[in-house]
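Peer 1: So the chains spell out like this:
Protein chains: 2
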Amino acid sequence: MAPSTWSQPTSHCAQGPQHVITASWLLTLTTPAPKEAWQWQQQQCDDGGSRIQALSCGGLRSRAAAGMAAPRRLKPLHRVAVSGGTHGNEMSGVYLVKHWLRDPTELRRGSFAATPFLSNLRAVEKCVRYVGRDLNRTFTAEFLSSAETEDEPYEVGRAREINQTYGPKGSAQAFDFMFDLHNTTANMGTCLIMDSEESLLPMHMCHYIQTHYTQSSCPIYLYKLPGEESYSIDSVAKTGLALELGPQPQGVLKANLFAEMRALMACALDFIELFNTGTVFPAFKTEAYKITGRVDYPRYPDGEISAMVHPKLQDKDFLPLNPEDPIFQPFSGEEILYEGDSTIYPAFINEAAYYEKKVAFVKMEKRTFSIPGLQRE
Amino acid sequence: MAPSTWSQPTSHCAQGPQHVITASWLLTLTTPAPKEAWQWQQQQCDDGGSRIQALSCGGLRSRAAAGMAAPRRLKPLHRVAVSGGTHGNEMSGVYLVKHWLRDPTELRRGSFAATPFLSNLRAVEKCVRYVGRDLNRTFTAEFLSSAETEDEPYEVGRAREINQTYGPKGSAQAFDFMFDLHNTTANMGTCLIMDSEESLLPMHMCHYIQTHYTQSSCPIYLYKLPGEESYSIDSVAKTGLALELGPQPQGVLKANLFAEMRALMACALDFIELFNTGTVFPAFKTEAYKITGRVDYPRYPDGEISAMVHPKLQDKDFLPLNPEDPIFQPFSGEEILYEGDSTIYPAFINEAAYYEKKVAFVKMEKRTFSIPGLQRE
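Keeping their order, the protein sequence lines are chains F and C.
Position one of the first sequence corresponds to residue 0 (numbering that gives the first Met the number 0), numbered consecutively onward.
Position one of the second sequence corresponds to residue 0 (numbering that gives the first Met the number 0), numbered consecutively onward.
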């Protein structure tokens with residue numbers, strides 16, 4: 000039987016009946032993967048090779064380059080959560096989770112079933128990012144250990160609730176993994192966000208997604224600055240990953256991004272199932288974007304912004320920005336050039352929610368990381 | 000001297016020194032108009048013809064078709080207002096008006112100077128559409144004549160203030176004209192919105208813009224349903240026009256749309272100047288889109304939406320939608336087709352602010368109107 004979508008090689012390699020479910024709804028995807036990509040993967044899988052060989056599709060060369068040390072062993076993941084609506088106006092995650100709360104079939108695999116939940120309930124209800132403060136900056140020790148007060152922002156109490164249900168953060172009782180579903184108004188495509196390259200299992204998950212979800216490039220964005228405490232919702236669980244899909248306006252649900260997020264989640268859950276059932280994931284090398292700083296808008300002395308993101312920078316997330324390239328266009332005319340001394344890679348360019356954070360774009364460097372192999376205990 | 004942008008023929012025809020200012024900043028536009036369009040207009044203007052001939056550029060054929068009745072006479076416009084931030088998260092108008100409040104040079108013409116103002120101040124401050132209720136649905140007799148109460152929404156009091164300053168609505172003291180600057184998340188391009196085809200001066204203004212602003216098609220959208228009371232902010236003035244530019248996410252300022260709105264405003268102010276200084280605008284025929292109804296999202300019994308705008312309808316504003324064309328994609332798969340019995344033209348497709356109004360898109364019919372000539376008293 001000739002598989003008709005890109006997801007079939009995954010099902011084929013894994014041979015688990017639960018993957019048939021995954022494959023059937025993926026037929027609704029609007030853009031099938033390039034035929035060549037599938038054929039190549041199928042060839043690898045049909046080659047009579049072991050499960051390890053099958054799963055290293057796309058990573059064979061980097062495996063050799065990364066050396067053949069024994070894979071690191073981690074416990075299987077049994078308790079997995081999926082958060083939507085951490086920002087209540089990022090609609091792909093809000094409506095995916097609402098759909099899964101009605102019908103969770105897609106979140107089930109043989110060894111586990113992911114638990115969907117809406118994280119910022121009041122913000123979802125009002126279709127705003129937050130009602131009191133940004134929930135996704137509230138999972139620090141300071142807030143999570145604070146005593147309840149009458150006038151605290153709604154999100155502080157909600158963060159404690161989430162920490163009780165899916166954590167406590169840093170404890171043995173915490174959920175094994177948490178997905179967090181986001182949208183951005185920036186042109187970031189299907190971006191995978193995690194804290195740092197040191198998180199082994201999410202790095203393997205990202206690599207698996209990049210190899211098997213071939214409709215877009217799925218860049219990896221490492222968000223934690225050195226010495227910074229993890230503040231995001233998925234830090235409550237033992238480990239996690241955020242999906243950041245764009246461009247999509249706040250409060251708008253676009254069918255194409257909804258389908259992409261659904262497919263990425265299916266792929267990520269497939270990875271967990273393979274990990275849980277004993278698949279060995281070899282070492283590999285990968286490129287990822289690591290945050291190095293943030294750039295504010297130019298401003299008048301009274302604090303009001305005095306310039307816009309330059310049309311030549313708009314929508315150029317993850318592309319190189321070189322010294323002397325234009326970055327801003329003042330209302331009064333002219334243009335403002337990038338004054339750095341080396342090439343950077345910007346992201347979150349002109350993100351709606353970052354005006355109040357005084358961030359016109361985030362600066363990143365592109366780096367290559369060697370990731371050790373992985374296997375369950 | 001060879002003019003270098005599309006706006007120069009306007010300046011050339013009108014020969015007013017104030018147009019030089021307009022033309023100079025238009026040099027910052029990113030996409031010059033097609034050279035052919037300008038050459039054709041210049042030919043008309045340089046032909047030794049009268050001012051009437053020069054200004055009928057692009058409308059000569061329709062003028063003949065519409066007949067040669069004497070133009071209707073209206074009073075010149077001396078008091079003109081420009082509102083930004085009627086919806087506080089529609090950023091092109093917010094930042095254009097903020098810029099003009101710092102430097103109003105661009106709003107000056109020989110016979111008048113337009114007055115910029117931010118209409119929903121609190122919503123602009125919070126970067127939300129409104130804080131209590133939609134300001135742009137609050138300019139009805141019911142709200143404008145209501146007595147102040149302690150618990151009334153902010154926008155009701157603000158509507159009364161605006162009515163006092165720029166109205167009162169329907170009175171001889173009201174401002175002569177009000178522009179209102181909007182953005183939409185829908186793919187509506189540079190859309191010109193007015194109440195009905197019966198408003199003679201705005202119809203001529205739209206025709207002038209369509210003829211002289213040749214970078215996009217500038218469709219005319221007639222928003223008032225039969226028998227409906229005017230509820231929008233520009234109804235406070237004797238007459239008015241809204242500019243609706245998209246797609247732009249709420250809370251995001253895109254340089255290209257900012258430049259387009261600026262250019263449209265310059266063109267519209269040029270029209271008023273020409274009208275005030277005695278230009279005769281001949282009769283013409285024009286196409287416009289007239290609202291016929293609104294379509295809600297499919298919903299579950301509990302009221303939650305159960306489907307998204309179909310990818311084949313997304314971004315197809317102002318294009319024909321035929322019976323049996325797909326319009327929605329349920330979360331559960333399949334598709335929902337348009338069941339009407341004739342072709343319609345949708346607009347505001349998947350507009351963020353209309354989810355709460357239960358509007359997935361607006362239905363329009365495309366009609367041709369014969370507009371009488373116009374001249375100042």
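Derived by calculation from the structure, the hints in this document are not laboratory data.
Just so you know, not all the hints are guaranteed correct.
No copy labels: a pair is met if it fits in one copy or bridges any two.
[Unchecked claim] Straight-line distance between alpha carbons at most 20 Å, and here's what the computed EDC-like set of lysine to aspartate or glutamate pairs gives:
#1 Lys223 - Asp340
#2 Lys289 - Glu149
#3 Lys357 - Glu338
#4 Lys357 - Glu124
#5 Lys97 - Glu355
#6 Lys97 - Glu333
#7 Lys365 - Glu333
#8 Lys168 - Asp340
#9 Lys97 - Asp175
#10 Lys311 - Glu151
Peer 1: Each hint: holds or not?
Peer 2: We went through each hint and held it up to the structure:
1. In the homo-oligomer, the alpha carbons of lysine 223 and aspartate 340 never lie at most 20 Å apart, since the shortest distance is 23 Å inside one protomer and 56 Å across protomers.
2. Within a single copy, lysine 289 and glutamate 149 get their C-alpha atoms no closer than 39 Å, and across copies no closer than 52 Å, so neither meets the 20 Å cut-off.
3. Taking the shortest alpha-carbon separations for lysine 357 and glutamate 338, only the intra-copy value of 18 Å comes in at or below 20 Å, while the best inter-copy value is 47 Å.
4. For the identical chains of this complex, lysine 357 and glutamate 124 are inter-copy neighbours only, at 15 Å across copies versus 26 Å inside a copy, given an alpha-carbon limit of 20 Å.
5. In this homomeric assembly, lysine 97 and glutamate 355 come within 20 Å of each other (Cα to Cα) only across copies, at 17 Å, whereas the closest approach inside a single copy is 28 Å.
6. Within a single copy, lysine 97 and glutamate 333 get their C-alpha atoms only as close as 47 Å, which misses the 20 Å cut-off; across copies the closest is 18 Å, which meets it.
7. With identical chains, the CA atoms of lysine 365 and glutamate 333 are never at most 20 Å apart, being 30 Å at best within one copy and 41 Å at best between copies.
8. With identical chains, the CA atoms of lysine 168 and aspartate 340 are never at most 20 Å apart, being 40 Å at best within one copy and 58 Å at best between copies.
9. Taking the closest pair of Cα atoms, lysine 97 and aspartate 175 never come within 20 Å of each other, the shortest separation being 22 Å inside a single copy and 50 Å across copies.
10. For the homomeric pair lysine 311 and glutamate 151, neither the shortest alpha-carbon distance inside one copy (42 Å) nor that between copies (45 Å) is at most 20 Å.
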